[in-house]
Every structure is written in structure tokens, then in C-alpha cells.
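Asker: Sequence:
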Amino acid sequence: MRLKSGISFLQAAPLLVLIILIFFCRIPVYADDTSLGRTPEGVFPILEGDVVMESEEITVDMEKNKVECIFVFHNTGKSKPVYMGFPGKIKDPGSELTDAVDLELRNFKTFVKGKVLPVSLEKSVQGNNEDLTAYSEFFTFTVPFKEDERITVRNTYDFTPTYDSLGTVYCGYVLETGAMWKGNIGSARVTFKLGSIKPCQIEKLNPGGFIFDGSNLVWHRTDFEPKYNLRVNYNNYRYTSRFLDDIAGDDKIKQEVNQKVESYGIVKELADRNQTEELLSLYRKAVEEKDAIMALYIRSHLPSGKIPEEKTRIEYVALEKEYGRELARCYTSGPEAAHIQFKISHSENGKIIEDAAEEGITGYSLEYLTPGKAYSISFTLTDWMDRTETKEILYKAPEKEAAASAEESTQSPDTAMASASQTAVSPDSGNSGEPSMDNSEAKNGIDARLIAAILSGVILIGFAVVSAIIIRKNKRVD
1 MRLKSGISFL QAAPLLVLII LIFFCRIPVY ADDTSLGRTP EGVFPILEGD
51 VVMESEEITV DMEKNKVECI FVFHNTGKSK PVYMGFPGKI KDPGSELTDA
101 VDLELRNFKT FVKGKVLPVS LEKSVQGNNE DLTAYSEFFT FTVPFKEDER
151 ITVRNTYDFT PTYDSLGTVY CGYVLETGAM WKGNIGSARV TFKLGSIKPC
201 QIEKLNPGGF IFDGSNLVWH RTDFEPKYNL RVNYNNYRYT SRFLDDIAGD
251 DKIKQEVNQK VESYGIVKEL ADRNQTEELL SLYRKAVEEK DAIMALYIRS
301 HLPSGKIPEE KTRIEYVALE KEYGRELARC YTSGPEAAHI QFKISHSENG
351 KIIEDAAEEG ITGYSLEYLT PGKAYSISFT LTDWMDRTET KEILYKAPEK
401 EAAASAEEST QSPDTAMASA SQTAVSPDSG NSGEPSMDNS EAKNGIDARL
451 IAAILSGVIL IGFAVVSAII IRKNKRVD
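Be aware that the sequence shown starts at 1, since it is given in full-length UniProt numbering, and climbs by one per residue.
These are calculated hints, taken from the structure and not from any lab test. Check each hint, because a few of them may be wrong.
The calculated DSS-like cross-link candidates involving lysine-lysine, where the alpha carbons are at most 25 Å apart (straight line), are [unchecked claim]:
no., residue 1, residue 2
1, Lys66, Lys146
2, Lys252, Lys290
3, Lys351, Lys396
4, Lys373, Lys396
5, Lys285, Lys204
6, Lys227, Lys193
7, Lys260, Lys204
8, Lys373, Lys343
9, Lys252, Lys285
10, Lys64, Lys193
11, Lys182, Lys78
12, Lys182, Lys204
13, Lys146, Lys64
14, Lys321, Lys373
15, Lys252, Lys198
16, Lys343, Lys400
17, Lys285, Lys306
18, Lys252, Lys204
19, Lys113, Lys66
20, Lys321, Lys400
21, Lys268, Lys193
22, Lys290, Lys260
23, Lys146, Lys109
24, Lys182, Lys80
25, Lys123, Lys78
26, Lys66, Lys115
27, Lys182, Lys227
28, Lys146, Lys182
29, Lys351, Lys321
30, Lys204, Lys64
Ranges of calculated distance between the beta carbons of each label pair, as one might list FRET restraints [to be verified]:
no., residue 1, residue 2, range
31, Lys193, Glu399, 55 to 63 Å
32, Tyr83, Gly350, 48 to 56 Å
33, Gly249, His220, 43 to 51 Å
34, Ser215, Ser304, 39 to 47 Å
35, Pro144, Ser345, 46 to 54 Å
36, Glu277, Leu166, 34 to 42 Å
37, Leu166, Asp213, 26 to 34 Å
38, His339, Ser215, 26 to 34 Å
39, Ala356, Ser187, 35 to 43 Å
40, Leu244, Arg273, 25 to 33 Å
Idealized CB from N, CA, C, for every residue including glycine.
Can you build the whole structure from these sequences, using the hints too?
Answerer: Structure (C-alpha cells):
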């Protein structure tokens, strides 16, 4: 086979391999399959301090990618026009991590008292709010308020969610912009209409507070200042005949998919027949197997009060060995936490020195700590009701000689519970035992896809070497 330029395929192969290797090195393997879209969001005030958001009723149609937001505002000040904004377009990330599919909201409309308000598309109206610096354009409109008047504002728009090549769709709703209104939000209710999306296809819910209600997922809270956002991830491609045909040779995955569909069907049948005891038995099994979405689905079908209020808890903090490195890892139970804060510090001349602080991780590598120095390691968890819990362990970094001996040791790197003291601070002492909806990988941990990419690179290099040998032999023959 020869290329148009007259160069044989075997002669071109090393160059092709080099191009492929450059491609592998250039694009991070942990995110090269993600397409960035939008998450539904709420309205925020511009230079305003007298208006309270008394309620918000949000409906997200996850199948049609449409959103309806109904806000009730109360002007506690004098008569005036109130300038409002709505995030319109995310700045193009310009990153190799993602492809920008559709970063704009479409068909955005605002209704007040049954009339459509004129809407403008403007740039840089976020003021000093750092949470809004990710947006390059904003929809803006003006709502005239009388003194002590309550007005209902209705927004509708379309969006395109983020998704990846494995079929996972990332959806949710941004609550945090509601913190810019005066005082707390009186009531927030967010309904995710699943449509043809089945409960078994839901893969992630963050944080707690969700409940299955028929063909909807509902999140509700009252009198709060929003400090987090809602996340709902699902994957319906994994349950299609096309996917099952693609993995025809992988009976294990096919069996897992079919068993999951069957398990959710059994729960639905038991719920329809009001078989409470059988549901309780399946709930305990889901908790034991740490199947959080299944546990929530069963819980949603049980009578109120049958199961104590679910709380997010820190079960324990442990020291572990992974890939030859020592890690501090936090294990949680219950609904997924709204926030997890990691801190590591040490005392020096009577002062506390903070060595590291990270948000949103449950594992941290300890390999870069100063040998022989004593450290305090803590994880602080905040749940969806803003309840907090902290667990702390004391850790002394091994001396260099001890660390070297441990590295040369052939002993099994089994997980060991930290023998140091633990301190817990929480307003509640109960523990539901419900599994955590997510535990992040340890910081700097080796991703399985990274290993696969390295192996692919080695195979390609081997192909290049073989190609070069063949070319050399061909030249000798010529």
C-alpha cells in the first residue's frame, strides 16, 4: 500500500505513531471525553439590597432540556425599579480538557404579571461577585416594584447539559446565586422531571435532600442561605440495545445492567403492593452494599417515619498505603456531603502553621511532608442542612531511613486504621448508616484511564520499532 506522495505505509507508520503519541501526551486522559454544556441557574440582583427571595419553584425537564423558574420577590424598601440579571453564557474555557458544545442559554424569556418583559444581553454585569466571573454574558431585565410589594417573576429557557463519551449526562441546578438576595431564601423547591429516564439510570445525586416522587426527583428546603449547588448525573445510553450489542462479549457488564433494571422493578412492584417489611429488608441490603441511589429509591417508597432522618456522617479517617504511598482518607456514610474540607497543619514555636487546605477531596497523599515532623490532619464535612462534623488524626511523618525501609519491604500494603486520636464535633449524634453517594479519589491518585493510556503508548512505541525494523529490511532488499 502506498500513499499519494509515493511514501509506503510502512515508511509513514513511525510518523503516524509519533503523531498519535503527541496526541496522547497533549490531551489529559482523565477528561478528554467530556463535552461542556450548561447547568440550569437562577436569577440574581444587580446592586440591590432591599429585595427578599421568598420562594423559588424550579422545574427542570431533563429529557427536553427545558427549565421554568418561578420566583416570588418581596421589596422591603421604597418604590423603585430593580435591575436583575441571569447568567447567559459561560466563558469559552479554551481548554484541552473539554469541547464546548453549547455554553449559551437559548430562548430566554421573562414574564411579570402575565406580560413579557424586554430582556437585554449584556457583558460583565456581575459586579464584585466572584461566583459570576465564569460568565461572559448576562440576560438583564428591570422589574418595577412598589413599596412593600410582592411580585412573581417567571423565567423560561433551554439549555444543553454537559455529557461524556461514556453516556453520562451531567445536570443539576445552581442555587448559590440566590445568596445575593437580602436575607435567606424562604423556600426552594427544585423538581427534575425524569421523563423516560429511569431511576436505575441515575448515577449521582449531590448533596442530600432528594426524594423520588413518581417520575420526578424533588429537592426541597426552607429558610436557608444557599452555599452549594445541586447535581444530578444520569446515564440512559448504558441501558440501550445499542450499548448491550456493543458489549456483546462482556457478559459481566450485561448481567450487571440487567440485574440493576430487575432490582428497581422489584422495588416498584413491592411498593405498589405496600409490602413495607420487604422494602425495609431491601433497604438494609442496599445500605450494606453501599448502593446509595437504590437506598434512596426504596426510602422514597416507604411511609414517613419508618426510617430515621438520613444524615451524612464521617465514619472514620484512616491512614492507607496505595501504590506505595501513604494517604489520609476520609470515609463517609449517608447522602453525599455538600462540602468536604481537608486541612493539614503543624505546630511551630507555639504557632499553628497550615500546610495544605483542599475543598472537595476525601483523600490526600502524605508523601511530601517533612520527615519526622508531627502533623494534625482533619476532614470537615458539611451536609445539605449545613450541619458540620470534623474528625482529626495526629500523624508523624516517618524518618527518611524508616520510609526507605518501608518502601523496600515486601509486606502487603493493606489498609490500616490510623492509631492516632480522633475528635468529632457535630450537632447530631445519630448515624443513618446510609451509604455515601460519592467518595472522591485520593489527590494525586493514579487514574485507571491514565494507566490504560500509558499501556497504549507502550504498544504504539513497540509498533513504531517493529515498523522501523521492517523499513530497514526493505531498504536492504532494495
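Asker: Now, for every hint given, state plainly whether the structure supports it.
Answerer: Here is how each hint holds up against the structure:
1. Lys66 x Lys146: Distance ~32 Å between Lys66 and Lys146 Cα, so the pair is violated.
2. Lys252 x Lys290: 20 Å, holds
3. Lys351 x Lys396: Answer holds: Lys351 to Lys396 is near 18 Å, not above 25 Å.
4. Lys373 x Lys396: 6 Å, holds
5. Lys285 x Lys204: Given that 25 Å is the threshold and the Cα spacing comes to 19 Å, the pair holds.
6. Lys227 x Lys193: 24 Å, holds
7. Lys260 x Lys204: At roughly 15 Å apart (the allowed maximum being 25 Å), Lys204 and Lys260 satisfy the hint.
8. Lys373 x Lys343: With Cα atoms ~16 Å apart, Lys373 and Lys343 stay inside 25 Å; holds.
9. Lys252 x Lys285: With Cα atoms ~21 Å apart, Lys252 and Lys285 stay inside 25 Å; holds.
10. Lys64 x Lys193: 9 Å, holds
11. Lys182 x Lys78: Holds, because 15 Å separates the two Cα atoms, which is no more than 25 Å.
12. Lys182 x Lys204: 32 Å, violated
13. Lys146 x Lys64: 37 Å, violated
14. Lys321 x Lys373: Roughly 19 Å between the alpha carbons, so the hint for Lys321 and Lys373 holds.
15. Lys252 x Lys198: At roughly 21 Å apart (the allowed maximum being 25 Å), Lys198 and Lys252 satisfy the hint.
16. Lys343 x Lys400: Holds: Lys343 and Lys400 sit about 24 Å apart, inside 25 Å.
17. Lys285 x Lys306: Status holds; Cα separation ~16 Å.
18. Lys252 x Lys204: Holds. Lys252 to Lys204 sits at ~22 Å (cutoff 25 Å).
19. Lys113 x Lys66: 22 Å, holds
20. Lys321 x Lys400: Satisfied, since the Cα-Cα distance of roughly 17 Å is no more than 25 Å.
21. Lys268 x Lys193: Distance ~18 Å between Lys268 and Lys193 Cα, so the pair holds.
22. Lys290 x Lys260: 14 Å, holds
23. Lys146 x Lys109: 23 Å, holds
24. Lys182 x Lys80: Since the Cα atoms of Lys182 and Lys80 sit roughly 16 Å apart, the hinted pair holds (cutoff 25 Å).
25. Lys123 x Lys78: Violated, because 29 Å separates the two Cα atoms, which is more than 25 Å.
26. Lys66 x Lys115: Status holds; Cα separation ~20 Å.
27. Lys182 x Lys227: 15 Å, holds
28. Lys146 x Lys182: Holds, because 17 Å separates the two Cα atoms, which is no more than 25 Å.
29. Lys351 x Lys321: Between Lys351 and Lys321 the Cα gap is close to 30 Å, so the pair fails against 25 Å, i.e. violated.
30. Lys204 x Lys64: Answer holds: Lys204 to Lys64 is near 20 Å, not above 25 Å.
31. Lys193 x Glu399: 55 to 63 Å: 59 Å, holds
32. Tyr83 x Gly350: 48 to 56 Å: Distance hint for Tyr83, Gly350 holds at roughly 51 Å.
33. Gly249 x His220: 43 to 51 Å: Check passed, 45 Å falls within 43 to 51 Å.
34. Ser215 x Ser304: 39 to 47 Å: 20 Å, violated
35. Pro144 x Ser345: 46 to 54 Å: 52 Å, holds
36. Glu277 x Leu166: 34 to 42 Å: 38 Å, holds
37. Leu166 x Asp213: 26 to 34 Å: 28 Å, holds
38. His339 x Ser215: 26 to 34 Å: Once the Cβ atoms are compared, 30 Å apart, the range 26 to 34 Å for Ser215 and His339 holds.
39. Ala356 x Ser187: 35 to 43 Å: 39 Å, holds
40. Leu244 x Arg273: 25 to 33 Å: 30 Å, holds
Comparing the model with each earlier hint shows violations of hints 1, 12, 13, 25, 29, 34; every other hint is respected.
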